[in-house]
Every structure is written in C-alpha cells, then in structure tokens.
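S.K.: Take the given structure of chain A and dock chain B to it, following the hints.
2 protein chains.
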Amino acid sequence: MHKRLSLFVLCLLGGLSAAADSKSPVDYVDPFIGTTNFSVCHPGAVRPHAMMSVVPFNVMGSDLNRYDKDGRWWSAPYEFTNRYFTGFAHVTLSGVGCPEMGTLLVMPTSGPLSVDHRNYGSAYQDELATPGYYANYLTKHNIRCEVTATDRTSIERFTFKKGEAHLLMNIGDGLTNETGGYIRRVSSTEIEGSRLCGTFCYNAQAVFPLYFVMRVSKVPREAGFWKKQPLMTGVEGQWDADNGKYKLYKNYGRELAGNEVGYYFTYNVDEAEQIEVQVAVSFVSVDNARRNLAHEQQGCDFEKVRQEARRAWEKTLGVVSVEGGTEAQRKIFYTALYHTQIHPGILQDVNGEYPKMQSADNGTTQGNRYTVFSLWDTYRNLHQLETLLYPERQTDMVRSMIDMYKEWGWMPKWELFGRETWTMEGDPAIPVIADTYLKGLRDFDIETAYAAFHKSATIPGDSNLMRPDIDEYIQKGYVPMGTYVQDNSGDNSVSHALEYYVADHALANLAEALSKKQDAKLFRQRSLGYKHYYSKDYGTLRPRHTDGSWLSPFNPEDGADFSNAPGFHEGSAWNYTFCVPHDIMGLARLMGGKRAFVDKLQMVFDKGLYDPANEPDIAYPYLFNYFKGEEWRTQEQVYRLLHKYYKATPYGIPGNDDCGTMSAWALFSMMGIYPDCPGSPWYSVTAPTFDKVTLHLDKRYYPDGDIVITAQRPTPDAHLIAQMSLGGKPLSRYRISHQELTKSKTLHFLLK
Amino acid sequence: MHKRLSLFVLCLLGGLSAAADSKSPVDYVDPFIGTTNFSVCHPGAVRPHAMMSVVPFNVMGSDLNRYDKDGRWWSAPYEFTNRYFTGFAHVTLSGVGCPEMGTLLVMPTSGPLSVDHRNYGSAYQDELATPGYYANYLTKHNIRCEVTATDRTSIERFTFKKGEAHLLMNIGDGLTNETGGYIRRVSSTEIEGSRLCGTFCYNAQAVFPLYFVMRVSKVPREAGFWKKQPLMTGVEGQWDADNGKYKLYKNYGRELAGNEVGYYFTYNVDEAEQIEVQVAVSFVSVDNARRNLAHEQQGCDFEKVRQEARRAWEKTLGVVSVEGGTEAQRKIFYTALYHTQIHPGILQDVNGEYPKMQSADNGTTQGNRYTVFSLWDTYRNLHQLETLLYPERQTDMVRSMIDMYKEWGWMPKWELFGRETWTMEGDPAIPVIADTYLKGLRDFDIETAYAAFHKSATIPGDSNLMRPDIDEYIQKGYVPMGTYVQDNSGDNSVSHALEYYVADHALANLAEALSKKQDAKLFRQRSLGYKHYYSKDYGTLRPRHTDGSWLSPFNPEDGADFSNAPGFHEGSAWNYTFCVPHDIMGLARLMGGKRAFVDKLQMVFDKGLYDPANEPDIAYPYLFNYFKGEEWRTQEQVYRLLHKYYKATPYGIPGNDDCGTMSAWALFSMMGIYPDCPGSPWYSVTAPTFDKVTLHLDKRYYPDGDIVITAQRPTPDAHLIAQMSLGGKPLSRYRISHQELTKSKTLHFLLK
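Protein chains in written order, with my numbering: chain A, 1 to 752; chain B, 1 to 752.
Accuracy of the hints is not assured; some may be wrong.
Here are the simulated BS3-like cross-link-like pairs (lysine-lysine), alpha carbons at most 27 Å apart as the crow flies [claimed, not checked]:
id	chain 1	residue 1	chain 2	residue 2
1	A	K356	A	K455
2	B	K245	A	K228
3	B	K250	A	K455
4	A	K23	A	K140
5	B	K315	B	K304
6	B	K23	B	K140
7	B	K752	B	K628
8	B	K245	A	K245
9	A	K250	B	K455
10	B	K161	A	K356
11	B	K23	B	K315
12	A	K245	B	K228
13	A	K455	A	K536
14	B	K228	A	K228
15	B	K218	A	K250
Cβ pair distances, simulated, as ranges [unchecked claim]:
id	chain 1	residue 1	chain 2	residue 2	range
16	B	T81	A	L64	51 to 57 Å
17	B	K250	A	E303	56 to 62 Å
18	A	S549	B	E271	29 to 35 Å
19	A	S187	B	E327	57 to 63 Å
Simulated coverage check for chain A against chain B, where a stretch passes if three residues somewhere in it have a Cβ under 8 Å from a Cβ of chain B [claimed, not checked]:
id	stretch
20	199-213
21	335-345
Because the hints were derived from the structure by calculation, they are not lab data. Just so you know, these numbers come straight off a predicted model, no measurement behind them. For each residue, glycine too, the CB sits at the ideal point set by N, CA and C.
So that you can see chain A by itself, here it is in the shape it has in the complex:
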C-alpha cells in the first residue's frame, strides 16, 4: 500500500509538473539530433510522411567539408560538422544508408553571377531547426535563408542585403547516382522540369523521374539556363569558348536538357528585401507538380505554411505524452518519434495519381499511397510503432504494399518511389503485414496479401524475384554459399536464409489466423531451418557449402563494421547468431540450454560484439527476457545502450537511422516495451525511462483508448524492475501480448 500511495503521489506530481510545462512535444524535437555520426538524418523542413522535404545541402564543392557526396559511402544531404552550403535540396531521404535524391538545389547568392557550386557555395551560421522549419545565414552572401514545406511543396524566404542577387536552381548535382534532367521556362517567374533519380544502392534499374515546378515571387531583371559543357576534343574543343565550362544561355528562353543543367534568376535587391521561392514536386508529371502547388499553397504566404507545418507535427507527436525524465530524455524521445514519422511518405499527388509499381503507368488512389519502404529495417519495429500509435497510417501502408503486389506481382522489399531496388534481402512484407493483422488491424485485403506471400514463399526457380535462392532454401532448408550473389557485398547466404525463417514464421502465424492449417505447419517447419547453420564448434551460425560442409577457415568476428564476410550481409556471425526471434528457446537448446545461451549473449555485450546500429542484432538486449531470473540483464543492457548511444546532440544516434528504425528502438525502449519478434503480436518489457507515458490510441482501432505506462522511481537512476502490474494486476511475465497491453490500459513499474 505504501508503494501504491507513493506512486499515486508521484503520478500527481508528474501530472502537475507536466501541467506546469508549457512546452508541446514539437518543442522537444531537435532536428539536429542524428545529423552526424553517420546517422544521416537531416535538419530540413518536412511534414509527417510528406513527399516534400527542404534540406540544407552541404556535402559538395569544398575541401572544407569532412564528408563529400562522392566520397566513401556518404548518403546524406547534410552533415552537421560540414561547413560549405550549396543550396536547399528538395525531396530527400532521412536516415538512409545509400546516397539518393538530394537534388533540385535552390541556392540564393549575392554579387556577380556564378553557377559553379565550387564558387557560389557559402559558409553559414545561426542555424535554427524546428519541425517543419529550418533557417540559416549565409556569411559569404549575407543572406538569411528560411524554409518550410507543405506535403508536396516548399516555400523558401530569402532576405538580402542591398545589391545584386541571384536565385539558382541546380538540377545537375545531387546525392543520387543518376544524372540528367531538363528545365523548361514557363514564364518570367516560373520554370518546370524533371530530374532522373535512382540507381539506389547501385541497383541500376531502380530509376524514376522527379518532376518539379519552381516559382519566384519577383520578376527577375534577367534569367537564363546554364549547363556545364562536356569536354570536346579537336577543332571543336579549341573553338568552343565554353568547352568544359559552365555555359550561360542568356538569351534563350525555351528548355534545356543534359547532365549538369540549371537556371538562374538575377535581381537588384534593396536592403532587407525578401524574395520567396516555391517548389512543388510530383512523381507523375510536371502538371501534377503544378496542381500540388495550386492546391497546397494558395498564393505565397511563408508564415501560414510554417504554422501549418508546426500544427501537423503537433498532431502527430501529440499521440504520446510523457512526464518525468530529463529535458534531454524528452528531446531524445520526441526527436525519435519525429524521425519515425518521416518515412514511408506519400507518393500520390493531390489528385490521387501516383506512379504504379514498376510501371510506366499511373494509378489513382483514394487513401494515401505510401512509398519508401525500407522493409529489411522497418519490419523489425517501425511498423509495429505505426500499428500501435498510428493505426490508420499503418493500414494505408499495408494497403499500399498490397496494391504494389496487384500492380506488379510482388510485394515490396525496398521500394523507392514506385521502383523495387532489391536492397538487402528477405521477404520482409510478410512479417509487416502478418504483425499488423495479428494485432487486429484488418481493414485491408488480407487474402490478396496472403496470395502474394504464398507465391514468394513457394514458387520455385528464377521466376521467384523475391527469394532468388528459393530452390535450395526449400530443398535443403538452408541457403548454401554461392547460391545467389547479388551485388558487391559478396555472398550473403546465411543472411538470406535467416530472413526467410523470420518471414516463414510470420507467415505460419498468419496462416494459422486464417485457418490455413496445412500452410501454417509447412511454414513453421521451414522457419526452423536456421538450425542447419548452427556450428557446435563455434557456438554461432556458420555458412555452409552446397554439399553441407562448413565454410573454413571461419572467424565469427569477421564482417564487423560493415566489412564483407562470406555468408553474412553487413555484419559478423555474432550480429546474426541470435537473430532467430521466433525460436529463442530452440536456439537456446541448440546452444546447450539457458545458461549457455545467457552467458553467450552476455559475452556478446561484454566483448563489444554487439553493434547497436545493425538491425539483425538490435533485439538482442530483449532476449534475456525469455529466461526467468535473467530479465535484469535486458534492463541493464537497454539502460546502458540508451545512455551510451542516444543523446540530445547531433551525435545522438549510433549509426544510420534507417528510416527511423534506430529511433523506433530508442522510442520503444524508453517506453518500456519492445516488439522483439516481428510477426508475433508480443512485446518484451523493460524499465521505462519516463515516469509516465500516455499513448493516446486511436479509438477507431483501439476502442479501449489510452494506455498509460507509469514508473515509480525511488532514485533517479533506478532502472531495474522490482515489480510490475498490468491493468492493475500484478505482472510477473516479461513478455506481454499486444491485446493484453491495449486492453489493460495501464502498465505500471516499480523500479529499483
């Protein structure tokens, strides 16, 4: 009783302190978190799940930058420690580990016209970023830049000093590995065009055009195209004064296409004069980009768009309320939530048109058609977050995936703006949709989804695009080395198979729910094939040859830090060995029982074999919860990892955010629940970071309403669970079902 009382008091105090706190969730978001340390998030202006983002681009044109778009594997339009700004990119990816998009670069400059980004770029200061708004000051040009966005359009406000000024639209440069585009002059204040993007992660056929319209608020004194001229040889090279240079097309007002083209607007500006730029995009057509602009911005009102963007984030972030924790923890939490609500984003224009999957045709949708499905990452926790907090969005995401299958014959693997990029491996749509269905969201065509899953899980040979090594997988129960080598990362046979086991387990669960008992039995049996890889010699999974022999020599530590190791894709055997979330007890038996399992997993942490930013092992900390008496290890590790790797600074994410996957890990972990087995409607629990977390569930999907997770914390650093209660009843298990959680309404922790 005493404890209950004190809990009540604490809740009361928490409630009071929250009431005294006038900050809204939006105010806690720091978009600079995750903008260095290879987290590859950006501080630009974007609305939740929007098509448009407006992002400061500072990764080209100067040796002053530590990271250059063409160097290493650099994949973000912005790097916090870089210093040389070359414009605002329109439409970017957040937290993605391959360079893509990051073009349509709008740059304001002053002084004589230069269209060479090695010259016109500028250092900057006074950066400011809040959800939906970014500002800086260009010290070379003395220009204040402010940008904000609607779902499919941007508005940018530039405040100049008196003198000559220019607005540049550079469609030649960008992060993307594709090149080429065209610009057409529409009027003195408007241009339109398109830019090819794609070859994402060097998948050569995953390409698509990004259409745009750009409008300026003031008629320029002069305007024109530019193009960097290809090098000519011979007489032509000698006589063409622009050979190999940036050429200005000064008296030409029609259209220009090429690899490195742009358009400039030149002005004489007064002191403090402001000129606004609007950019609208579409993946369907220039006309649709213009429609998007007409629909989303009537006229040209920067402040209105900025306020609307803030309100959009207030609505999205307001789904969770937290009390307690430090200011920094609240920043980490809400910024993580912010990062999870950027991708997938909408693909359709205001008229509902979108490019059909892998098609030259366009479709029309009523609801939202989502795109940017980084499923190998996000099937692990991000879609579980959507299911819990944004069930309407998750339903539309599932519908979008099913529509892709209808359009193209396959579920997405890593879908990008209507193209399958074949990045990473597995059959990740299965755990996503199975998980969603099993958690009770069912307003989509599950039979069609099931047909898609059954197809990719069973059809043999080369016609199986989703599982290129299906024959061996079915025949042998595992994928031998060398069966299918997709790209420069070498043999990934074990990684492939592990994903199929996870998918087939999820498919078995779904089949069961759909009363397809034979299928359920078949796929569940297949999901256990991971045992083929278990090497008693090493106590890890280990690649095998076609004849069943083991890869030798073998070192389970090979492949750490994204170096190539046979069998494992971007990871070591240690990063993958426990990645059998659907049969932890079976894995433990293989390893020699509970003690051996727990000791080995503990050793992974103790010896630094755990990578906090690599998806296959991110559920590891929660696996101790399977073993009675060992759950404190989960609490210790989650507490340690959160404190060590997640910070309210630009360094605050341990690596690629992967479309919010790392952020979702932190977010769930701070709430005290984690979906450790995709495709199973369960959460693993740990000690929450906050004293009180209220999940304002959508009553259309969860009629029981809010879930309140509370924690009584005798000391500030208490992070071990002493006692728990669920719906007011004592709880001794450390894994709870989705239904238990959503119906119980309260989950309470007494910490120690």
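M.R.: The following block gives chain B in isolation, referenced to the frame of chain A:
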C-alpha cells in the same frame, strides 16, 4: 538569213531530241553530286524547302572514315568517301560550312543489342539516291534501308533477315556542337522528345530545341532507354557497374534526359520482314511534331510518301526545261537547281506555329515562314534565282525576313531556326530585299523593311547589333582594323566594310525607288567608301589602322584557303579586291583605267588567286563584261570554271555549296545570265551551256510568261559569243536588265 535558218533547224532538232527524251528533270538529279570535296551536300531524302530531311550519317564512330564529325572543321552528316554508317539523321543542313544539326539518328541493327555507335555502325553498299528517296544496304546487319520524307516528317522502311533486330534512336550524337535532350515513352510504339541544337559556328547563344516524335510500325518484343554514364570517381565509380559505359534502362518506361541518351526497340523478325519508322519534327513543341505527323501522313504508306516527294520535286524542277548539252551537263544543271531549292526551308508547323525570332514565344503564320538564311552567301545569287523562277517563294522569304524584324527589331544576318547566329558579316538583308523589290516583286511591307534597313544603316554605337562598327564606318567611311573583332577568325575590318558598301548601294537604289532622294544620296555616297582601302602600292584593297595608316607588312596573298589574314574574313586581299560590284567602273579608275583593271583581273585567274568557292570573288568572271571588247574573257573564264569545277560526280562542286550559292552560280552560268550586282536588277551575260533553256515563269508575277534562251553552237565546244539577240532584236550589251529579260521573252546566242 542563213544563220537564222540554221538556228531554226537546230531549234527544231533540239525540240525533237527533247521530245524523244523521256527523262524528267527529277531523273537528272544526282544527289551524290557535292557529297565530297568539302561541298558538304548530302544524298538524303528531302522535299523542296522542307523542314525534314533524312540523311545517311557516316561521320562518326570509326577510324575507317576519312572525315569525322569532330575532326577539322567537318560540317556534313555524310561524306561520299567515308564507309561507316551509324544511322539516319533527321533535319540537316545542306552545303553549310559549320557543323550543325545532324542528330535524331535512327539506326536499324541485327544480332545482339548494342547501343554504342562504335559497335553498331556498319559498312554499306548499293546506295541509291533520287530526289526525296535514299536507300542503302548495311552489310554488317544485312538490312536494306530506304528513307523518304514529307515536309516535316519522314518514313523509313527497313527490310531484315530473320533473327533478332533493333531500331535505335540516338539523340546523344550529332553534328551540332550543342548537347543534351530528353526522350519520353508515349506507348509501346511511340516515343517523343527534344534535342538541343545550335552554337552554330561557335556562336554560343544561337541555340534552339528540335522536338520530335518517333513511331514504329510493329510492337517491339522489348524496348528501353540508354544513356552513356558520366564518369564517377571514388566509391561511386567503383560500385556503379555502368560507370562511364552505355547503360540500358531496361525496365523503365517514363523519360530520360541527359547528354548521351537514346531509345531502342527490339524485335524478332522473319525473313524479309519490313518494319517502318516514322519521325516527325517541330521547332515549337512535341505536340506540334505529332500534329505534323497526323497531317502529313495518314497511316503508314512508304510508297505514297515517296511518290509525293518525287512529284514535289517534279513541280519545282519543272520550272526550267533544257535541251542540248551533254547528259552530264543536264545532271549538273538539275542537281544544281535541286541544291538551290533546299534552303531556306519552312519553319512553321502544319498549324502555322513557329518560334518567333530570338524569342521564347511562338507566332502563327498564314504563308510559309522560312528559315536558314545564310544571307552573306545567298544574297549574291540564290535569292535572285528565287525571284526569277520562284517569285512566290521569294515573296514569302522576304515576308519572313520582315517578320523577323517585327519580332526582334533586326533583319536576319545568318538566321537559323529562329535564332540569329551572327555568322559572317554585313547587312545582307538589304541587297536581298532591295533586289527583289527592284525586280518587281512587291507584295510585302516594303516600308517596314526600309525602316529596318535605315535603322541598321544609321543608328550609332553598341545598340547597332547589325553593324557593330557603324560609328567608324560612318565617321571615317571605312572600318579601321581592330574596331570589332568578333570571333576566332581575327580582324575582319575590310570584309565588314565591303559588305556595308554593297548594302548601302542596294539601299540607295531602294531609297531611290521609294522616292527617298536624300537617303539615296547619302547611302550611295557611303557605298563608295571602299576607295579608302585602295592601296596604290599593292593595287589591292588593304586594311587600315584607325589613324589612317596602312597595315604593314602586308601580303595580298595572305588569307587564301581560309587561313586568317588581318582585315579579310576567310579570304585574301585578292578574293576581296574586286568585290565592289556596284562600282566596277570606279574601281577601274582607281586602278588606272580599263586596261589595268582587265589585266589585273586576268592575272587573278591566271595566277590561281581566284577561289571558285569563295563568295566575295564568285562574280569576278563576269566583271570583264563591263569593258567593251573584253567580254570574251568572261565567256572563257565561265566556260573554264564550269568545266573544271562542276562535274556530274560526287566531286562536282568546288567547295562548300553554301546553301546553294555555288550551285546557283553554276546554274545561272549554264543559262548564260548572272546577277553580278546584288541589289541592282541586272544580269551579266555569257555563253550558255545548253542549246535551249526555257524558264517557265510564274505568270502571276511575270505576265509575259516563259523566257527562252537559245544558243546556236556550230561546234560542240563553241563557247564564245559571236552574236546575240534579245526579244528578236540584236543585242550588243553584255549586261541586261531584269525587266528587259522578262519582257523580251527570248534571248538568243550565236556562238563561235
């Protein structure tokens, strides 16, 4: 009497022999004439004054070719002695000395797909060309190619051997110095796009897009884009498998833009299977290109288009009938006429739309809007030919020029598809329009034309775009060296001024006709300023400095063969010294009288200082006619030059045909009349090549009808004039007026 009788008999015989000859003028045209020897004509399919031409392209991709598009100053899509064919170019220039156009390359291939022209090109044989039709056989691919054209569209028929076949549209390569374009897939059998062309003669701002639609007659098995990838560096370069290579976009069906892009259609074809390709173009829009195709080709009927093309040429060439002469001479004659009726060509689409001069806007015309005005060349004789034989066309050409002035404020100098290219010098629209007006064609707005001429002849300073050295020209009466150096050809001061003198003389004539007496006096006086350049020391024109001093050292032979010499543009002092067609007698006085003039002019021929392919001196042979008793020298030189330089072989034109200027020289010379002073309605006469030439004049413009030029030739090689009669009356002058000629109806020569 005896002579008259025999003449009658000869005429009768001539008439009989003509009647026996079933060949039409079209049959005498050999489009291979002028396709080597730097004449830069082409054997492709084109209709009279058409926008479209379909031309075999054999100037890239192989060291087997003697001439490569990027080598030397090569400027033609085709060279007779080259052997490596890489497709059919769509829209080309004929006889132009700067590389331009020659893109939209359609190539049929067989065997495995290659999109690299260094691989897919082929040797060929069995070439056949007649007006409006060209065919060859690709020996590498075993494909018979046939092409024909309407005014704005083409149709191409390819006959394959059984097997794999491809149709390629390469918009990356071409003669033009500009680069870049885009292609959009419209359907399985249609693509559209545009290609930037221009920077003609390295005038950087003279650029314009060429829009196109391409249709194939059979649905391909497979189709897609290609693009040569720019070289990447660093990690990107290592990981992108297509880095620096031709990349195929196999599963992508939207659009592609860039520097080196194309599209392929792949088929399985049966033995002897034919597939047709249609290409339509426009300088306004892709939609207009499609309109042009719909209007000019209903359906897809190769033979119909081919027959229509032949009929179009029959109508045009039928304006002149010749009798007598050798088969070779008739070939030379009709091929020359053919070459004069290619440029200027129509610019407007079937709906009348065309790109306004130097504008991003489009205009609409009722009549033909002409383009490709190589006026520094064609003012000398080609427009005089149009005025005489095709007065309706010439009227539309003049109207087009006046409309350019209305649209842009200036007359054209070297206009190319709506852009002024500023190639060569002078004010050549004045002699063209003055000449036309003075010859009685007056259905155009002469007052507006006069306003344009007055403007360019008088307004001072930098705002005078037509005459950049106007101030010095007016103040000093000549242009001093270094006043205005336009391009890589160095100082052209004398050439500039000489053109102004010619123009001001024509303008004086026009002013007189318009009763502007004061203007007439002013401009006539200015036209005599050439005397400032006459150097008694050298007996030639000679460049002068601003202080009046002469260029020293000086060699009047410098500048021959298109080497640079100060003062003279693409020529020596000898090529320019007699280029004062409006004041030959004054020039003779300067030189010391008739004898000195005649001897010096004769020496120019005797010492090989005459260039038969350089415009400033092409009237030289006719200048002897100014001096009584010396006219035989004209007859000798014209006869010699015709025989030496004009042949019925690919080598049959002495140099750049310059949009038909060389051909017009031959044509007039073979008819026995030559317009030796542009802007004066006079012809100089010489012995004609044929026994009878009938000019079927357009009675709407020349109510007196046909002109018949006859020659009585006692021996086959008689080429000196013994006697002449005009309208039946004896003629002793060797210069006759346009009115005399057109009203007299007959011009008879007795040769010796």
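S.K.: Take the hints in turn and mark each one as holding or not.
M.R.: Against the structure, the hints come out as follows:
1. A:K356 x A:K455: Distance ~20 Å between K356 (chain A) and K455 (chain A) Cα, so the pair holds.
2. B:K245 x A:K228: Given pair K245 (chain B), K228 (chain A) holds - Cα atoms ~20 Å apart, limit 27 Å.
3. B:K250 x A:K455: This hinted pair holds, its Cα atoms lying about 25 Å apart.
4. A:K23 x A:K140: Judged against 27 Å, a Cα distance of about 35 Å means the pair is violated.
5. B:K315 x B:K304: Holds, at about 17 Å.
6. B:K23 x B:K140: 35 Å, violated
7. B:K752 x B:K628: 18 Å, holds
8. B:K245 x A:K245: Between K245 (chain B) and K245 (chain A) the Cα gap is close to 22 Å, so the pair holds against 27 Å.
9. A:K250 x B:K455: 25 Å, holds
10. B:K161 x A:K356: 38 Å, violated
11. B:K23 x B:K315: Holds - the C-alpha atoms of K315 (chain B) and K23 (chain B) are around 14 Å apart, at most 27 Å.
12. A:K245 x B:K228: 20 Å, holds
13. A:K455 x A:K536: 34 Å, violated
14. B:K228 x A:K228: OK: K228 (chain B) and K228 (chain A) at ~16 Å, within 27 Å.
15. B:K218 x A:K250: 43 Å, violated
16. B:T81 x A:L64: 51 to 57 Å: 56 Å, holds
17. B:K250 x A:E303: 56 to 62 Å: At roughly 48 Å between Cβ atoms, E303 (chain A) and K250 (chain B) fall outside 56 to 62 Å, so the hint is violated.
18. A:S549 x B:E271: 29 to 35 Å: Violated, since S549 (chain A) and E271 (chain B) (Cβ atoms, about 53 Å apart) do not stay within the stated range.
19. A:S187 x B:E327: 57 to 63 Å: Check passed, 60 Å falls within 57 to 63 Å.
20. 199-213: The restraint on the stretch 199-213 of chain A holds, since 7 of its residues have a Cβ under 8 Å from chain B and three suffice.
21. 335-345: violated (count 0)
The structure fails to meet hints 4, 6, 10, 13, 15, 17, 18 and 21 from the earlier list, while all remaining hints are met.
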